[in-house]
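Protein sequences appear in the order of chains A and B.
With the working numbering applied, the first sequence corresponds to residues 1 to 423, in that order.
With the working numbering applied, the second sequence corresponds to residues 1 to 423, in that order.
Just so you know, these hints were derived from the structure itself, not from any lab.
Only a predicted model underlies this, so the values are computations on that prediction, with no experimental measurement involved.
Treat the hints with care, since some could be wrong.
[Said to hold, decoys possible] Here are the simulated lysine-lysine pairs, DSSO-like style, with alpha carbons at most 30 Å apart:
| hint | chain 1 | residue 1 | chain 2 | residue 2 |
| --- | --- | --- | --- | --- |
| 1 | A | Lys-362 | B | Lys-96 |
| 2 | B | Lys-90 | A | Lys-365 |
| 3 | A | Lys-389 | A | Lys-412 |
| 4 | A | Lys-96 | B | Lys-114 |
| 5 | A | Lys-314 | A | Lys-114 |
| 6 | B | Lys-96 | A | Lys-389 |
| 7 | B | Lys-414 | A | Lys-362 |
| 8 | B | Lys-165 | A | Lys-96 |
| 9 | A | Lys-414 | B | Lys-180 |
| 10 | A | Lys-365 | B | Lys-180 |
| 11 | A | Lys-90 | B | Lys-314 |
| 12 | B | Lys-114 | A | Lys-90 |
| 13 | B | Lys-414 | A | Lys-314 |
| 14 | B | Lys-180 | B | Lys-165 |
| 15 | B | Lys-362 | A | Lys-90 |
| 16 | A | Lys-412 | B | Lys-414 |
| 17 | A | Lys-114 | B | Lys-90 |
| 18 | A | Lys-50 | A | Lys-200 |
| 19 | B | Lys-365 | B | Lys-412 |
| 20 | A | Lys-96 | B | Lys-180 |
| 21 | A | Lys-412 | B | Lys-412 |
| 22 | A | Lys-314 | B | Lys-90 |
| 23 | A | Lys-50 | A | Lys-154 |
| 24 | A | Lys-414 | B | Lys-314 |
| 25 | B | Lys-365 | A | Lys-90 |
| 26 | A | Lys-96 | B | Lys-365 |
| 27 | B | Lys-90 | A | Lys-414 |
| 28 | B | Lys-365 | B | Lys-389 |
| 29 | A | Lys-414 | B | Lys-414 |
2 protein chains.
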Amino acid sequence: MRPLPGFRDFYPEDCARRGYLLDGWRRVARRYGFVEMDGPVLESMELYAKKNESGAEILGQLYQFTDRGERDVAMRPEMTPTLARMVIAKERAYRKPLKWFSTANFFRYERQQKGRLREFIQFNADLIGDGSTAADAEAICLVIDLLREFGFTKDDFVIRLSDRKAWLDFLGARAVADTKTVLAIIDKIEREPEESLNAKLSPHGLTVAELREFIAAGSPEYFAPLLEQFEARGLRDFVEIDLSIVRGLAYYTGLVFEAFDRGKSMRALAGGGRYDDLLADLSDGTVNLPAIGFGVGDVVLGNLIEETPHAFAKMAAALAASPSAEIYVVIADDSRRREALSLVQALRDAGWRTDFPLDSVKVGKQFQTAEQLGARFAIVVGNEWPIVKAKTLATRAEATLAQDALAGWLAKNKDCQQTDSSS
Amino acid sequence: MRPLPGFRDFYPEDCARRGYLLDGWRRVARRYGFVEMDGPVLESMELYAKKNESGAEILGQLYQFTDRGERDVAMRPEMTPTLARMVIAKERAYRKPLKWFSTANFFRYERQQKGRLREFIQFNADLIGDGSTAADAEAICLVIDLLREFGFTKDDFVIRLSDRKAWLDFLGARAVADTKTVLAIIDKIEREPEESLNAKLSPHGLTVAELREFIAAGSPEYFAPLLEQFEARGLRDFVEIDLSIVRGLAYYTGLVFEAFDRGKSMRALAGGGRYDDLLADLSDGTVNLPAIGFGVGDVVLGNLIEETPHAFAKMAAALAASPSAEIYVVIADDSRRREALSLVQALRDAGWRTDFPLDSVKVGKQFQTAEQLGARFAIVVGNEWPIVKAKTLATRAEATLAQDALAGWLAKNKDCQQTDSSS
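When you get a sec, could you build the whole thing from the sequences and use the hints?
Here it is in structure tokens:
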């Protein structure tokens, strides 16, 4: 009776944390003028086979099968193929640039390890139809603000910027023909022993030492206009140049970047880049739009929040501010249940999260439930009806009033709540 | 380049409508003290095969396959099996009753027809651990308020109440042994010709006429305490007794209900019932909790909103109140782009949905874009910086002020916006 390995159950407390991420992502993306889209969980295999540029690795991890109508289908492993399909089908209906984001779940049959699941959630944002440095900055600043939203500062994370154009110019100057293979080797430069890398580089007339020298030089001329944009926005401290980033996917054409946590583990929190040729490739040239996009996964970000005290405290405060009940209606006299029900309905109609005992329960137990639910207020309905008692649970402050004066009392005490609970 | 048949692309305008449903569902469920949960999209086949009580029909529609680890798996066709699995695994960790809801997507390989898709979204709510009439009322009032939230009134929809206990008592009095089969026949009473129903009923010693007579009598004694609860909440007009409802799933044990639109089509908008034995059955008796639950699908509800003018107007107003940009920063002098960027960043940091032109564009065109995006305000940055112009687009009202006075101006004009746009 457990979920499949690599899949998660979201009990209410897990779902609340997931909601904290999703709500934060959506809020920030909307501040940037991005609008939400989504596609189906299941797609035709053709979509992924056609875009084999995304790499054989993903194809080998697909949840892929034949449906009851004999179609070869797969559960989506990433958003880009669906996004590209949708943009190509209807791009004329939309003003450019498109600023689209999504918060969706993806499926990859991966070996299980920390930070890797078989079903995971990813925020994706893509800015399509503008190839400018301004668009690059808009995408990267969105990454920065997505992370700042959860309380992270420049001491917690950094965006590393790189550019495939810099690498292609470097490789061109050395007359390297098979740039695709060499970029894939460079992608492993931090993760593979130097000896094995040198063996792979040697047929291309390159050494790890040369590559490291190029990385160390940093090619500042490729990044100057972009860095100005971060200066203007006051976000310069969040980015640094690091040419060792090249990203795994084959379709990137220019700027590529990854967000890392600055802690020991240096996990990638987000990654993306410019893919100016992909839409043209997939549409046989009929839709030719430059694009930049990135993804942020829920698992690594969630782990980092848990491990970072100020980010964790921010999450805990946000979750506490959204209790499952704001008001608990205490029924002190069960002969007044009918009146209590009418009050519950009125409070809910007014927008209050309201709960009450379904059965006859001792008053002390009802107050205990109210506190366990995180309620701010308890309203006691007893045989004095239509006079009720209204209590602020944090302060134990109490008022006796007619039930039709309750709306006013709640409105007044709602605003005092912050002060009350800290006193 | 299209989605698979029965699957949907959610372009931004579709996603906004989906969000309108999801947000409304969540808001109302939380007012009722329900908390959100979710499970994985993919489950072990075992989970569905074990609960074959849900009916052979669903098993025949499963997206089912063998994964790369040789596991028999299926994409979830409904939430109840996952919910039951999760509750059985951890119920001791939670105060009873559980009030859990979810908004999830489900997958069924169905023949395509209006209102039926192969991937659809459903709101589910379950109240577990309380077998009282008060719990029944809590669940049904939640259905009513979920529909009222979208602007529907008692003239638009009705909840039809029935009770399997009434039927079982009726069949028991007539010594019918195979109640399961007979309930399945009753389920078809509105959809199959009388002749064919009579042929099926005859081996059980029953006729359609007898059943209709029982339905017409309505067994009011089974519903009196429940109806009192609706009276107390002022929701009596939203429900009526209709014993022709028995629901298709085999696991229901008592109250069953469906919400119908009152229009010609009389489509079911929601349905559910009490399943007091299911958790005990699935846990071999180790978890014995009464439960009531229901589901609301997105497709029929979405269609009904589109077809009902007052519900459609409510949705349109809600979507218009959430434009993709609230503020558009017009860059009148490109030499001030750096200052404009700093302003954009400050506005976003303050929580405003803010957009601006990535490239150098004529001022008139920028104002046009601002209006197309639904922005309330345009802030014009030109060579008078740090003096800017702030415009309310609906009224064309304009102010000239220092950029550091902008926050105050926006706060003031934000509240006037409703009045402004209607004047």
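Here's how the hints hold up against the structure:
Distance check on the hinted pair: Lys-362(A) and Lys-96(B) sit about 16 Å apart at the alpha-carbon level, within 30 Å; holds. Our distance criterion of 30 Å between C-alpha atoms is met by Lys-90(B) and Lys-365(A), whose separation comes to about 23 Å. The straight-line distance between the Cα atoms of Lys-389(A) and Lys-412(A) is roughly 15 Å, inside the 30 Å bound, and the hint therefore holds. This hinted pair does not check out: Lys-96(A) and Lys-114(B) have alpha carbons roughly 34 Å apart, beyond 30 Å.
Restraint check: the Cα-Cα separation between Lys-314(A) and Lys-114(A) comes to about 24 Å, which is no more than 30 Å; the hinted pair holds. Restraint check for Lys-96(B) and Lys-389(A): satisfied, since their Cα atoms lie roughly 26 Å apart, inside the 30 Å limit. At most 30 Å may separate the alpha-carbon atoms for a hinted pair to count; Lys-414(B) and Lys-362(A) exceed this at roughly 48 Å. As the CA atoms of Lys-165(B) and Lys-96(A) are separated by approximately 60 Å, the hinted pair breaks the 30 Å bound.
A distance of roughly 53 Å separates the Cα atoms of Lys-414(A) and Lys-180(B); the hinted pair therefore is violated under the 30 Å criterion. The straight-line distance between the Cα atoms of Lys-365(A) and Lys-180(B) is roughly 42 Å, outside the 30 Å bound, and the hint therefore fails. A hinted pair counts as satisfied when its Cα atoms are at most 30 Å apart, and Lys-90(A) with Lys-314(B) qualifies at roughly 28 Å. Distance restraint check for Lys-114(B) and Lys-90(A): the Cα-Cα separation of roughly 24 Å lies within the 30 Å cut-off, and the hinted pair is therefore satisfied.
With a C-alpha separation of about 28 Å, the suggested pair Lys-414(B) and Lys-314(A) falls inside the 30 Å cut-off, and the hint holds. For the proposed pair Lys-180(B) and Lys-165(B), the alpha carbon gap of about 13 Å is at most 30 Å, so the pair holds. About 27 Å separates the Cα atoms of Lys-362(B) and Lys-90(A), which keeps this hinted pair within 30 Å; it holds. Straight-line distance between C-alpha atoms of Lys-412(A) and Lys-414(B) comes to about 23 Å, which keeps the hinted pair within the 30 Å bound.
Restraint check for Lys-114(A) and Lys-90(B): the C-alpha separation of about 24 Å stays at or below 30 Å, so the hint holds. Between Lys-50(A) and Lys-200(A) the alpha-carbon distance is near 28 Å, which keeps this suggested pair within the 30 Å criterion. Among the hinted pairs, Lys-365(B) with Lys-412(B) is consistent with the structure: their alpha-carbon atoms are about 27 Å apart, no more than 30 Å. Between Lys-96(A) and Lys-180(B) the CA atoms are separated by roughly 59 Å; this puts the pair beyond 30 Å, and the hint is violated.
For a cut-off of 30 Å, the pair hint linking Lys-412(A) to Lys-412(B) stands: about 22 Å separates their Cα positions. Annotation: proposed proximity of Lys-314(A) to Lys-90(B) holds, straight-line Cα distance about 28 Å (limit 30 Å). For the proposed pair Lys-50(A) and Lys-154(A), the alpha carbon gap of about 40 Å is over 30 Å, so the pair is violated. Distance hint between Lys-414(A) and Lys-314(B) is fulfilled; the C-alpha atoms sit about 28 Å from each other, no more than 30 Å.
Using a Cα cut-off of 30 Å, the hinted pair Lys-365(B) and Lys-90(A) holds, with the two alpha carbons roughly 23 Å apart. The straight-line distance between the Cα atoms of Lys-96(A) and Lys-365(B) is roughly 13 Å, inside the 30 Å bound, and the hint therefore holds. For the proposed pair Lys-90(B) and Lys-414(A), the alpha carbon gap of about 35 Å is over 30 Å, so the pair is violated. Between Lys-365(B) and Lys-389(B) the CA atoms are separated by roughly 17 Å; this keeps the pair inside 30 Å, and the hint holds.
Between the alpha carbons of Lys-414(A) and Lys-414(B) the distance comes to roughly 22 Å, so the proposed pair stays at or under 30 Å and holds.
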